[in-house]
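**Q** Each chain, letter by letter, is given below.
There are 2 protein chains.
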Amino acid sequence: MSNSGPEIEQLIQLLARLPGLGPRSARRAVLHLIKKKDQLMIPLSAALDRAVAAVVICEVCGNVDTRSPCGICSDPRRAESGLLIVVEDVADLWALERAGVGAVRYHVLGGVLSPLDGVGPEDLSLDALVSRAPQFSEVVLAVNATVEGQTTAHYITDRLAGTGVKVSRLAHGVPVGGELDYLDEGTLSQALKARTAL
Amino acid sequence: MSNSGPEIEQLIQLLARLPGLGPRSARRAVLHLIKKKDQLMIPLSAALDRAVAAVVICEVCGNVDTRSPCGICSDPRRAESGLLIVVEDVADLWALERAGVGAVRYHVLGGVLSPLDGVGPEDLSLDALVSRAPQFSEVVLAVNATVEGQTTAHYITDRLAGTGVKVSRLAHGVPVGGELDYLDEGTLSQALKARTAL
Ligand SMILES: [Zn+2]
Ligand SMILES: [Zn+2]
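Protein chains in written order, with full-length UniProt numbering: chain A, 1 to 198; chain B, 1 to 198.
Only chain A is shown next, with the shape it has when bound in the complex (with noise of 0.2 Å):
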C-alpha cells in the first residue's frame, strides 16, 4: 500500500483497531470515507476533534460524558428512586438508558472479577461503590450473567452487607451466558421492574 502514501496507510491501520473492524474492513472505510469526503470524512474529522476535547470521565460514576460530575448525576430527579445500578461498563450503561428504566443513578464498575485475567478487587472502583452505596436505598447489580459477573455480584455483596443498603440483582430474563448489552430493550426493562432481593 506503499503507493497510497503515509497518510491513507496510517489511517486504515488506526480505524484496523477498532473493534469489529479489521484490516479489510478498514480499508474499505477510509476508502468510502474518501469517497464520501465532503459529507463523511470532514464531519468525522471534525467529531472526532470535538469528543477528543470535550470526553470526560464521571469521577463519581465512570461513565463516560463531557463534563464531570456527569449529567446523570447531576440531574437531582435521578436521586428520587433511590436506586443506584452498577454495571460492568458504559455500554451497558447506555443499554439500560436507551430501555428507559427511568429516573436512576449508575456505577460502573469498570470490569469484573476475573483471576485468570488478573483483574482483581483493586482493579475495579470498588472502594467508590461502597463510599457510594448508603446514599442510596438500593443498590442493584446489573453485571453480566456471566460466571464473572456472577462471581463479582456475590463479592459486591459481601462487601455491601455491613453497609445496610438492600441489595439486588436483575431478575432472570437475562439469558444465562448472555451479555447485557446485546439485549432487546423490553426484556431489560422486564428484568429490571421483577428484581429480586439478594
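No lab work stands behind these hints, which were simulated from the structure alone.
Some chain B residues flagged as far from chain A (calculated, every beta-carbon gap over 12 Å):
hint	residue
1	82
2	117
3	138
4	147
5	168
6	171
7	186
Beta-carbon label-pair distances, calculated as ranges:
hint	chain 1	residue 1	chain 2	residue 2	range
8	A	117	B	179	34 to 44 Å
9	A	119	B	53	33 to 43 Å
10	B	19	A	53	23 to 33 Å
11	B	147	A	74	56 to 66 Å
12	A	23	B	76	24 to 34 Å
13	B	35	A	193	23 to 33 Å
14	A	171	B	35	21 to 31 Å
15	A	184	B	74	51 to 61 Å
We treat Cβ as the ideally placed atom computed from N, Cα and C, and that holds for glycine.
Knowing the structure of chain A, use the given hints to seat chain B with the ligands on it.
**A** This is chain B with the ligands only, laid out in the frame that chain A set:
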C-alpha cells in the same frame, strides 16, 4: 443517549455510517476510542486530519493518493510492461497491488454498468480509458465476475475495438459470482498470469 453529550452522540452517528459498522458497533467503537484516548483516539483524530488535507484522486487513473498524477502513474518503471489493468474501484487496485502483480498501471472505472441502478456509460471513466488505451500494449479487464462486471467488460471490448489495442480479461480462477477484493493473493496472481485474449 442525550446524557452523553452531543459530541459523543454525533461521533457515534458518523461512525455508524461506515461500511461494516452499525449503531451498536459504532457505540462500542466510540467507547473503545474513549478508553484508549491517548493510544488510539488522539492518533486517529490526527491521522484523519492529515488524510483529509492530503488525499486526492489521481486525475489520470482514478487511484487514491496524496498526489495527482498518483505514485503509480508517475513511476516510469510502471510503463515498461505495457499493461493497463482496468478495475471497478480502488479497493480492487489495492488488492492487485497486495498480490504483487508486477509493474503495471491501472484504470479505475468508478463502478460497473448497471441499468437497474441507473449507472450508464457516462457515469464511468470510459472516455478517459479509451483515450489512454493506445499508450499501452494490452488492456486487462480485471472487473468482478458478476453479471454487471461481465456486461461492462463486453462494453469496454466494443469501445476499444477501433483502437487496435489488445484486450484481455483475468483468467477464470476468479470464482463465478465472486468479488475480486475477497480473493487471496495467490489466486489473483494466477488469474493475471493466465489471462485470456478477448
Ligand atoms: Zn456520573
Ligand atoms: Zn494514477
